[in-house]
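My request is simple: use the sequences and hints to build the entire structure.
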Amino acid sequence: MELTISIKEQQKITFFLKLLKEFDYIEIMDIKEDEIIFSDEHKKMIKSRLERIERGETTFKNWDIIKQKYEKNTL
98 MELTISIKEQ
108 QKITFFLKLL
118 KEFDYIEIMD
128 IKEDEIIFSD
138 EHKKMIKSRL
148 ERIERGETTF
158 KNWDIIKQKY
168 EKNTL
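Residue numbering for the sequence shown follows the numbering used here, starting at 98 and increasing by one per position.
Simulated from the structure, these hints should not be mistaken for laboratory data.
Keep in mind that this is a model prediction, so the values were computed, not measured.
Even glycine gets a Cβ: it sits at the ideal position worked out from N, Cα and C.
Hints may contain errors.
[Unchecked claim] The calculated label-pair distances, taken between Cβ atoms and stated as ranges, are:
1) E151 x F120: 47 to 55 Å
2) E168 x M98: 37 to 45 Å
3) E130 x Y167: 20 to 28 Å
Here it is in structure tokens:
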């Protein structure tokens, strides 16, 4: 049997998934997050930043490198 559940409060998703994993007879098959809709203003900002990168006016760093930096600082 398959069951679809919609969790309305974002902050409770982690707790709910942790709870489900404790049951050996429940297998989590797939997790689908809601589609994020960006505002026109946000789309323009991203487009502008990408254009600056293409023109060589700025650079960017890989997300994994940035994430590691902040993970080290959280301890």
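Each hint tested on the structure:
1. A hinted range of 47 to 55 Å holds for the C-beta pair E151 and F120, which are about 50 Å apart.
2. Taking the beta carbon of each, E168 and M98 are about 38 Å apart, inside 37 to 45 Å as hinted.
3. The hinted range of 20 to 28 Å is satisfied by E130 and Y167, whose Cβ atoms lie roughly 22 Å apart.
When held up to the earlier numbered hints, the structure conflicts with none and fits them all.
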